[in-house]
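Chain by chain, the residues:
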Amino acid sequence: MTSTMDRPGRLRDRAIRLVEAATTPLLPADYLDLFAPLRSGAELRGRIVGVEPETADAATILIKPGADWAGHQPGQYTRIGIDVDGVRQWRAYSLTHGPRNDGLISITVKAVPDGVVSHHLVHHCPVGSIVHLEQAAGEFVLPDPNGGKFLMVTAGSGVTPVIGMLRNLFPVADSGAVHLERSKGFDIVVVHVAPSEPDSIFLRDLKALDAAGLIQLVARYDDVHGVLDVNALGELVPDLHARTTLACGPAGLLDALTEHHERAGVPLVIEQFRTSRVEPGEGGTLHFAKSEKELVVDGATPILDAAEEAGMLMRSGCRMGLCMGCLIPMTEGTVRDLRNGELTTAIPGESGTVKVQTCIKAAAGPCHFDH
Amino acid sequence: MTTIQKKANNPIAHLSKEQIAELGRELDAIRQEIVDSRGADDAAYIRKVIKTQRYLEMGSRGVLLFSIFPPAWVLGTVGLSVSKILENMEIGHNILHGQWDWMRDPKIHSSTWEWDNVTPSDAWKHSHNEVHHTYTNIVGKDNDLGYGIMRVDEDQKWYPMYIAQPAWNFINACFFQYGIAAYDLELGKNLSRPKEKRPADFDDQVKKVLVKIRKHMTRDYVIHPVLSIPTGSFVPTIAANLVANWARNMWSHSVIMCGHFPEGVETFEREMLDEDETRGDWYIRQMLGSANISGSKLMHIMTGNLSHQIEHHLFPDLPSNRYAEAAVKVKAVFDKYELNYLERPLVPQIYSAWHKVVRLSFPNGWLETTTVKNLPKQVGVLAKMVTGGRKTRRALQRQLDDQARRRAVKVEKAEVVEAA
Chain A
1 MTSTMDRPGR LRDRAIRLVE AATTPLLPAD YLDLFAPLRS GAELRGRIVG
51 VEPETADAAT ILIKPGADWA GHQPGQYTRI GIDVDGVRQW RAYSLTHGPR
101 NDGLISITVK AVPDGVVSHH LVHHCPVGSI VHLEQAAGEF VLPDPNGGKF
151 LMVTAGSGVT PVIGMLRNLF PVADSGAVHL ERSKGFDIVV VHVAPSEPDS
201 IFLRDLKALD AAGLIQLVAR YDDVHGVLDV NALGELVPDL HARTTLACGP
251 AGLLDALTEH HERAGVPLVI EQFRTSRVEP GEGGTLHFAK SEKELVVDGA
301 TPILDAAEEA GMLMRSGCRM GLCMGCLIPM TEGTVRDLRN GELTTAIPGE
351 SGTVKVQTCI KAAAGPCHFD H
Chain B
1001 MTTIQKKANN PIAHLSKEQI AELGRELDAI RQEIVDSRGA DDAAYIRKVI
1051 KTQRYLEMGS RGVLLFSIFP PAWVLGTVGL SVSKILENME IGHNILHGQW
1101 DWMRDPKIHS STWEWDNVTP SDAWKHSHNE VHHTYTNIVG KDNDLGYGIM
1151 RVDEDQKWYP MYIAQPAWNF INACFFQYGI AAYDLELGKN LSRPKEKRPA
1201 DFDDQVKKVL VKIRKHMTRD YVIHPVLSIP TGSFVPTIAA NLVANWARNM
1251 WSHSVIMCGH FPEGVETFER EMLDEDETRG DWYIRQMLGS ANISGSKLMH
1301 IMTGNLSHQI EHHLFPDLPS NRYAEAAVKV KAVFDKYELN YLERPLVPQI
1351 YSAWHKVVRL SFPNGWLETT TVKNLPKQVG VLAKMVTGGR KTRRALQRQL
1401 DDQARRRAVK VEKAEVVEAA
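Those sequence lines, one after another, are chains A and B. The first sequence begins at 1 in my numbering and counts up by one. The second sequence begins at 1001 in my numbering and counts up by one.
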């Protein structure tokens, strides 16, 4: 075995080439996938091992990730590819637990109206089936894992990454919330904003943590308290300036928070979850060089939707401009951001190639992609 | 057969423009209904076929490690043949048509799939999906009409070399995958051109084919045979692979011949395109330019559902497992518009295709005017046409045409008398 130890790389490469020659035109992996889809070295996948209903329309999906799962930090999300009605759909979901002893990961999904994937996951998710995964990503994590004073502002489904962080700090057992030594250094206020008090599993979680004295919950309902005025945040959280704010929610709230915190000089970490769409632009032609396809599109349809509609194989992720899973290079042309109307232009020989998020960009004239 | 425009009894003459437009809408509706109902069951179907094929290939190759034992050789060879047929027909051909692109699975997608065929996917997608499926059965436009090496239509000019086309066709069947590769490269045409007149990427394309041939040969005739050396099965494994490749070639050639070659399939003139062909016209060309094979479900799967050639040509990118269901509705459209739905079982269909290949290997009218009595004289005429110059050929052809016409009149008269 010493000889293999000397040049393990080269011998291994040769062995791989030999096996590839035996399986051409397929790859050895195509055969191995029949037996061990979660093995090390395979494309990252996971097996759904449990679906735990949380409410009538929400469930926590437990997934055993493939051997190459690199772990995650609470607050991060992962992209999940799952076949719904035979069609591979990719979505980004926040991981709602910290790293677990059993090695499983979990997402908590609420079935939203018209939500193809969320309905499937909550109501029809077959235990035992394989999903496709990407490594956890996202910058929305606690700046200091050892402790500190934080304000978490959440709105709508923006609560999910926060729940991930809180569950990691304050696990809940049958006997109630667990007081961990490593979580003692945290002082957390959560301002949770919602249109009204809904039947939300996460709200109950927050209330339970508040009752146990682990966090301070400030719940604000638009129908009771009126729409949250960001400038009045100091009244809800008197020591606002002493805290680092982590905020996740719709664009309007985050924009207001950013402006307010910049003025006040308070540190802020944000994650945007909902897209508010602006009036569409003029549309144009999409030219895909590698696929040799040309599509005529309007200015309201995201490039991703138009291309998928035409049967093209596209990368996709959260479908709301968050996860960068859908980036493709644009060599020439102009696209409009459907969230804020912003134009992005690629000029050959000048700007070079520009990477474009296809899920939130629409054509604003003829566009050329190297895809 | 002759192009539809020249026929005395044009089978679409009874249709008005409006009817053709209506027919187009009806077929569009059949297509849309299937598009709208594609779902998890269809996805499960193609995954199951792919899985079955992979297990079958692994199993067969495993058994062939012991192919020195005759029963193992037979079992392994049959299994490998079936696996190769499945891989080419129901899986490769149909994925490369984009039939499964809607699943958005990068592993089962027309833009990523590479099949076990020496013609690379990209080249084949161009010559088959773009050229053949667009210009189906237009003489001079669709090279699939005889693959550029055969005469399968009266309107194609007869040359002496066609006398050997039945033999050609058989050789082509034995080495079909190489024939297809040469066809996709337009090898004959390009090699006879000066280098600078060949397409810019010609050398590149040839290289790609050679790489595939090398990989294919290495796998089937080196690696797997070498793996069987421990049981002394080196040579039997080579033989098994040879037979499996041959069987796959013969089978796919036969199935494909049944699609457009049988007697009764219509061909069209180029003018059809010049006057802005409508969707309905295009549909009619596909309907009358294709032929089906009737048979069991297993037969449909083994032909890659190209037994539903008519449906496949109408809707080339619908999932193959749905053609059977489309066929029922398509047939009703044929009936409604009084068109001929050309369908026969496998053997008669193969016979019919071969009959045409043989018939058209002779000059027009030769076979029709030949009887046992005048055989020696006719053979003499044929010999002169094969060996003689262009002038002789033209004169003798006129003579044959005359004879054929007189004969046709006589037959007609006899029929009238009989009817009276």
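What the hints contain is simulated information worked out from the structure, not anything from laboratory work. There's no promise every hint is true.
To be verified - List time: in silico DSS-like cross-link candidates among lysine-lysine, alpha-carbon distance up to 25 Å:
(1) A:K293 - B:K1329
(2) B:K1207 - B:K1007
(3) B:K1329 - B:K1377
(4) B:K1157 - B:K1331
(5) A:K293 - B:K1141
(6) B:K1048 - B:K1410
(7) B:K1197 - B:K1215
(8) A:K293 - B:K1051
(9) B:K1017 - A:K290
(10) B:K1189 - B:K1125
(11) B:K1157 - A:K64
(12) B:K1329 - B:K1007
(13) B:K1297 - A:K290
(14) A:K293 - B:K1125
(15) A:K184 - A:K207
(16) B:K1007 - B:K1336
(17) B:K1051 - B:K1215
(18) B:K1006 - B:K1107
(19) B:K1141 - B:K1107
(20) B:K1125 - B:K1208
(21) B:K1329 - B:K1157
(22) A:K290 - B:K1377
(23) A:K290 - B:K1331
(24) A:K64 - B:K1125
As the list claims (entries may be wrong) - Derived CB-CB ranges, DEER-like:
(25) B:A1040 - A:A29: 23 to 29 Å
(26) B:H1133 - A:R315: 38 to 44 Å
(27) A:L18 - B:D1201: 27 to 33 Å
(28) B:P1166 - A:V127: 43 to 49 Å
(29) A:D144 - B:G1062: 39 to 45 Å
(30) A:R10 - B:P1160: 58 to 64 Å
(31) A:L18 - B:G1148: 36 to 42 Å
Stated by the list, open to error - Negatives, chain A to chain B, calculated, CB over 12 Å:
(32) L18
(33) P25
(34) T60
(35) G81
(36) D85
(37) G86
(38) P113
(39) H124
(40) T258
Bear in mind that the values here come from a model prediction, so they are computed numbers and not experimental data. Glycine is no exception: its CB is placed at the ideal position from the N, C-alpha and C atoms.
Hint-by-hint comparison with the structure:
1. With a C-alpha separation of about 32 Å, the suggested pair K293 (chain A) and K1329 (chain B) falls outside the 25 Å cut-off, and the hint is violated.
2. Restraint check for K1207 (chain B) and K1007 (chain B): not satisfied, since their Cα atoms lie roughly 45 Å apart, outside the 25 Å limit.
3. Annotation: proposed proximity of K1329 (chain B) to K1377 (chain B) is violated, straight-line Cα distance about 51 Å (limit 25 Å).
4. A hinted pair counts as satisfied when its Cα atoms are at most 25 Å apart, and K1157 (chain B) with K1331 (chain B) does not qualify at roughly 34 Å.
5. For the proposed pair K293 (chain A) and K1141 (chain B), the alpha carbon gap of about 23 Å is at most 25 Å, so the pair holds.
6. Taking the CA atoms of K1048 (chain B) and K1410 (chain B), the gap is near 59 Å; set against the 25 Å cutoff, the hint is violated.
7. Between K1197 (chain B) and K1215 (chain B), the direct Cα distance comes to roughly 30 Å. Violation of the 25 Å bound is thereby established for this hinted pair.
8. For a cut-off of 25 Å, the pair hint linking K293 (chain A) to K1051 (chain B) is broken: about 31 Å separates their Cα positions.
9. Distance restraint check for K1017 (chain B) and K290 (chain A): the Cα-Cα separation of roughly 39 Å exceeds the 25 Å cut-off, and the hinted pair is therefore not satisfied.
10. Restraint check for K1189 (chain B) and K1125 (chain B): satisfied, since their Cα atoms lie roughly 19 Å apart, inside the 25 Å limit.
11. This hinted pair does not check out: K1157 (chain B) and K64 (chain A) have alpha carbons roughly 67 Å apart, beyond 25 Å.
12. Taking the CA atoms of K1329 (chain B) and K1007 (chain B), the gap is near 28 Å; set against the 25 Å cutoff, the hint is violated.
13. Taken as a hint, the K1297 (chain B) and K290 (chain A) pair is broken in the structure, with Cα atoms around 38 Å apart against an allowance of 25 Å.
14. In summary, the hint linking K293 (chain A) to K1125 (chain B) is supported, as the alpha carbons are separated by about 14 Å, within the 25 Å threshold.
15. Only pairs whose Cα atoms come within 25 Å are accepted, and K184 (chain A) paired with K207 (chain A) is accepted, the gap being roughly 19 Å.
16. For the given pair, K1007 (chain B) sits about 22 Å from K1336 (chain B) by alpha-carbon distance, which is consistent with the 25 Å threshold.
17. Simply put, K1051 (chain B) and K1215 (chain B) have alpha-carbon atoms about 23 Å apart, close enough for the 25 Å limit, and the pair holds.
18. Between the alpha carbons of K1006 (chain B) and K1107 (chain B) the distance comes to roughly 47 Å, so the proposed pair goes past 25 Å and is violated.
19. Using a Cα cut-off of 25 Å, the hinted pair K1141 (chain B) and K1107 (chain B) is violated, with the two alpha carbons roughly 33 Å apart.
20. Using a Cα cut-off of 25 Å, the hinted pair K1125 (chain B) and K1208 (chain B) holds, with the two alpha carbons roughly 15 Å apart.
21. For the hint pairing K1329 (chain B) with K1157 (chain B), the CA-to-CA distance comes to about 38 Å; that exceeds 25 Å, so the pair is violated.
22. As the CA atoms of K290 (chain A) and K1377 (chain B) are separated by approximately 61 Å, the hinted pair breaks the 25 Å bound.
23. Distance check on the hinted pair: K290 (chain A) and K1331 (chain B) sit about 39 Å apart at the alpha-carbon level, beyond 25 Å; violated.
24. Using a Cα cut-off of 25 Å, the hinted pair K64 (chain A) and K1125 (chain B) is violated, with the two alpha carbons roughly 39 Å apart.
25. Distance hint check for A1040 (chain B) and A29 (chain A): the Cβ-Cβ separation is about 25 Å, which falls inside the suggested range of 23 to 29 Å.
26. The beta-carbon spacing between H1133 (chain B) and R315 (chain A), approximately 29 Å, falls outside the hinted interval of 38 to 44 Å.
27. As the Cβ distance of L18 (chain A) to D1201 (chain B) is approximately 31 Å, the hint placing it in 27 to 33 Å holds.
28. In this structure, P1166 (chain B) and V127 (chain A) break the distance hint of 43 to 49 Å, their C-beta atoms being roughly 60 Å apart.
29. Range check, D144 (chain A) to G1062 (chain B): about 57 Å between beta-carbon atoms, so the 39 to 45 Å window is missed.
30. In this structure the hint that R10 (chain A) and P1160 (chain B) lie 58 to 64 Å apart at CB holds, the actual value being about 59 Å.
31. For the pair L18 (chain A) and G1148 (chain B), the supplied restraint of 36 to 42 Å holds, since their beta-carbon distance comes to about 39 Å.
32. Against chain B, the non-interface label of L18 (chain A) is violated: not every CB pair exceeds 12 Å, the least being about 7 Å.
33. In this structure P25 (chain A) is not separated from chain B by more than 12 Å, as the shortest Cβ-Cβ distance comes to only about 4 Å.
34. Taking the minimum C-beta to C-beta distance to chain B, about 24 Å, the non-interface status of T60 (chain A) holds against the 12 Å cut.
35. Against chain B, the non-interface label of G81 (chain A) is violated: not every CB pair exceeds 12 Å, the least being about 9 Å.
36. Distance check for D85 (chain A) against chain B: the nearest CB is about 4 Å away, which does not clear 12 Å, and the non-interface claim fails.
37. Look at G86 (chain A): its CB is around 3 Å from the nearest CB on chain B, not clear of 12 Å, so calling it non-interface is violated.
38. Listed as a non-interface residue, P113 (chain A) keeps its Cβ farther than 12 Å from every Cβ of chain B; the least gap is roughly 21 Å.
39. Remark: the non-interface label on H124 (chain A) conflicts with the geometry, its nearest Cβ contact in chain B lying 10 Å away (cut-off 12 Å).
40. Against chain B, the non-interface label of T258 (chain A) holds: every CB pair exceeds 12 Å, the least being about 35 Å.
In summary, the structure is inconsistent with hints 1, 2, 3, 4, 6, 7, 8, 9, 11, 12, 13, 18, 19, 21, 22, 23, 24, 26, 28, 29, 32, 33, 35, 36, 37, 39 from the numbered list given earlier, while agreeing with the others.
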